[in-house]
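J.: Sequence:
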Amino acid sequence: MKVSQGCIAVWALLSAVGGYASSATDSEDPSASTSTSTNDNINPRVPPGCSLVMAPSSIPNSGWGVFSMVDSKVGDPIIAGDLVIQVADLNVTHASDMRRIVYDYAWNAAETGGQYEGINVLSVIPGIGMLANGASEEGILPVLEPSVDEAGVTRHKSPGAGAFTHYFNYTFHFNKPLVAGNEILVNYGPGYFQMRNNQMANEKEEDEEEGAKQPQLLHRSLESLHETGFCLDNLKPGKSTIEHAGRGAFASRGQAKGSVVAPVPVLPITKREAMDVTRKKQVSKKEFAETTTKQLLTNYCYGHPKSSVLLFPYSPMVNLINHSSKRSNVRLQWSSKSQPTLEHLQDINKKPTASTDGLLLELVATEDIQEGEEVLLDYGPEWQAAWEKHVKQWEPYPFEYAPGYVLDEAVPVLGTQEEVQGSKPYPPNLLTSCFYPYVHPETKPSEGEDDEKNDPTRNITSAEWRHMPGIFELRNLRPCTIMQRYEVEKDKDSSSGDSEDPSNFYYTVVIRNRYGLAPQERILPGQMHVVTRVPRRAIRFTDKVYTTDQHLQNAFRKEIGLSDELFRNWMDLDGKSDSEEKDL
Numbered sequence: 001m002k003v004s005q006g007c008i009a010v011w012a013l014l015s016a017v018g019g020y021a022s023s024a025t026d027s028e029d030p031s032a033s034t035s036t037s038t039n040d041n042i043n044p045r046v047p048p049g050c051s052l053v054m055a056p057s058s059i060p061n062s063g064w065g066v067f068s069m070v071d072s073k074v075g076d077p078i079i080a081g082d083l084v085i086q087v088a089d090l091n092v093t094h095a096s097d098m099r100r101i102v103y104d105y106a107w108n109a110a111e112t113g114g115q116y117e118g119i120n121v122l123s124v125i126p127g128i129g130m131l132a133n134g135a136s137e138e139g140i141l142p143v144l145e146p147s148v149d150e151a152g153v154t155r156h157k158s159p160g161a162g163a164f165t166h167y168f169n170y171t172f173h174f175n176k177p178l179v180a181g182n183e184i185l186v187n188y189g190p191g192y193f194q195m196r197n198n199q200m201a202n203e204k205e206e207d208e209e210e211g212a213k214q215p216q217l218l219h220r221s222l223e224s225l226h227e228t229g230f231c232l233d234n235l236k237p238g239k240s241t242i243e244h245a246g247r248g249a250f251a252s253r254g255q256a257k258g259s260v261v262a263p264v265p266v267l268p269i270t271k272r273e274a275m276d277v278t279r280k281k282q283v284s285k286k287e288f289a290e291t292t293t294k295q296l297l298t299n300y301c302y303g304h305p306k307s308s309v310l311l312f313p314y315s316p317m318v319n320l321i322n323h324s325s326k327r328s329n330v331r332l333q334w335s336s337k338s339q340p341t342l343e344h345l346q347d348i349n350k351k352p353t354a355s356t357d358g359l360l361l362e363l364v365a366t367e368d369i370q371e372g373e374e375v376l377l378d379y380g381p382e383w384q385a386a387w388e389k390h391v392k393q394w395e396p397y398p399f400e401y402a403p404g405y406v407l408d409e410a411v412p413v414l415g416t417q418e419e420v421q422g423s424k425p426y427p428p429n430l431l432t433s434c435f436y437p438y439v440h441p442e443t444k445p446s447e448g449e450d451d452e453k454n455d456p457t458r459n460i461t462s463a464e465w466r467h468m469p470g471i472f473e474l475r476n477l478r479p480c481t482i483m484q485r486y487e488v489e490k491d492k493d494s495s496s497g498d499s500e501d502p503s504n505f506y507y508t509v510v511i512r513n514r515y516g517l518a519p520q521e522r523i524l525p526g527q528m529h530v531v532t533r534v535p536r537r538a539i540r541f542t543d544k545v546y547t548t549d550q551h552l553q554n555a556f557r558k559e560i561g562l563s564d565e566l567f568r569n570w571m572d573l574d575g576k577s578d579s580e581e582k583d584l
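The sequence shown begins at 1 in UniProt numbering and counts up by one.
Please note: incorrect hints may appear among the correct ones.
[Unchecked claim] Simulated pairs of lysine to aspartate or glutamate, DMTMM-like, Cα-Cα distance not exceeding 20 Å: (1) 271 x 343; (2) 306 x 343; (3) 271 x 408.
[As the list claims (entries may be wrong)] FRET-style restraints, in silico, Cβ to Cβ: (4) 258 x 223: 16 to 26 Å; (5) 419 x 488: 14 to 24 Å; (6) 331 x 44: 17 to 27 Å; (7) 333 x 49: 20 to 30 Å; (8) 459 x 419: 22 to 32 Å; (9) 565 x 370: 20 to 30 Å.
Don't read these hints as lab results, they were simulated from the structure.
For clarity, every value in this text was computed on a predicted model and none was experimentally measured.
Beta carbons: idealized from backbone N, C-alpha and C, even for Gly.
Put together the whole structure using the sequences plus the hints.
T.: What follows is the structure, given as structure tokens:
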């Protein structure tokens with residue numbers, strides 16, 4: 001799979017020309033002439049104070065782009081942190097039905113801490129992580145890791161457990177001073193084969209041949225952005241007022257009735273079977289039973305009971321919007337007057353060059369919304385019925401369970417393997433993991449390792465843990481077994497260990513393998529790698545594979561319902577699919 005192998009980071013390429021003169025591409029992008037809400041003159045899509053917009057990209061043939069409306073400093077967040085949805089063990093039979101999401105937008109889960117969710121895991125990062133165009137420049141700052149918690153919705157008390165992602169507040173920051181009107185670009189890393197990156201490279205080469213200056217193409221005038229853009233920061237995250245819902249989306253500024261609260265670009269999943277997950281579960285020493293569940297991504301998709309198609313929305317914050325049939329204050333409508341055919345949706349996943357033009361919904365306020373008010377959408381009667389049935393049938397989890405982040409806060413001093421296997425066991429869903437960048441000594445010895453100790457002909461290699469740049473990146477987190485704990489008097493001048501760790505204990509650990517490691521990162525069969533002087537802050541409790549809430553057998557799964565009118569071209573399950581594009 002063509003997923004990101006590099007860092008996740010953002011930069012803003014500054015214009016080489018002064019002022020805010022409109023680029024020549026403003027009038028050439030077909031998206032600029034798309035018909036939109038009839039309320040634009042009364043309720044503009046870019047209200048006063050909006051700092052971030054989605055508008056036709058300044059990069060030719062690259063669809064939408066993300067632009068800043070204000071000058072920004074290094075370290076400023078681009079927008080409030082968004083969700084990360086972990087897709088574990090994708091259904092290979094139907095993976096082609098969501099090819100565009102998998103190949104063009106999914107991230108390496110080791111970048112977001114999701115590598116323990118399954119054997120093969122992809123991270124879907126809506127918002128900036130999917131909407132911004134890409135660049136391959138290096139030397140830029142990484143994004144900080146996402147927050148992880150269950151938002152008070154536990155498997156022992158709530159039927160909402162497992163129905164939403166625990167990964168949130170994933171925030172991109174500027175690492176260069178930004179001028180208002182610049183397009184924001186994401187560095188997807190050298191191993192990330194994103195179509196938009198390739199298009200950018202091709203266009204850049206053509207421009208250079210013609211003597212054009214690429215920086216001029218990465219800037220739009222504020223006037224142009226007001227005319228063609230959609231505001232992206234009308235919503236902010238927070239704890240939902242809806243019981244069992246976890247987190248929600250709230251108005252960051254007041255919204256008048258009829259105004260566009262957010263653009264909602266979507267990507268098609270052309271067969272809902274792509275969300276099926278089948279695993280074998282051991283029921284006895286010799287017997288295995290197959291279990292089938294749905295990907296958590298299902299809950300964030302739009303669908304219709306008479307269609308095999310699902311649509312995944314990927315603009316900032318829209319995946320935080322919860323359901324209410326009585327308190328809803330927004331609705332969805334198509335931004336353009338025509339809707340793509342089913343055949344065109346299928347082409348999007350079959351042909352890398354197929355356009356996603358026309359796949360843009362608008363989230364429209366159905367009443368005046370006050371600043372700080374939760375934004376709620378009616379998911380439809382089918383969703384409501386499915387939820388009510390789930391609540392009636394739901395039963396609390398009957399076994400002991402504690403998330404890894406809870407024990408990290410509660411257990412400052414870690415037990416050794418002997419202690420844990422004896423009178424002080426940890427919850428069965430947990431293991432310990434260490435931040436340690438292992439590379440097999442036959443490939444490249446780690447810094448500070450003794451060549452004699454790392455003779456590949458011997459079964460045991462060892463090294464002393466050292467604090468070095470990048471060691472706390474989530475990709476370096478791998479299982480480890482704690483063999484020894486010892487109290488030490490710290491030498492703050494020493495280059496080894498970690499003088500910032502308040503604990504007086506160091507640990508000796510055995511490093512283990514995990515799923516998803518590159519061959520040179522794996523410890524060979526029959527080999528053991530021991531690391532000494534590991535500080536407490538370099539060790540985390542981690543949930544074992546398939547033990548987090550999103551893998552619960554009784555977790556709620558149901559796509560968000562759209563009306564017949566919004567799905568009229570894609571009713572293929574009742575034999576009424578149309579082959580021609582219809583006007584709405």
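J.: So, for every hint listed, does it hold in this structure?
T.: Now for the hints, and whether the structure bears them out:
no. : hint                  : result
1   : 271 x 343             : holds (12 Å)
2   : 306 x 343             : holds (16 Å)
3   : 271 x 408             : violated (40 Å)
4   : 258 x 223: 16 to 26 Å : holds (23 Å)
5   : 419 x 488: 14 to 24 Å : holds (19 Å)
6   : 331 x 44: 17 to 27 Å  : holds (19 Å)
7   : 333 x 49: 20 to 30 Å  : holds (24 Å)
8   : 459 x 419: 22 to 32 Å : holds (26 Å)
9   : 565 x 370: 20 to 30 Å : holds (29 Å)
In summary, the one numbered hint that this structure violates is 3.
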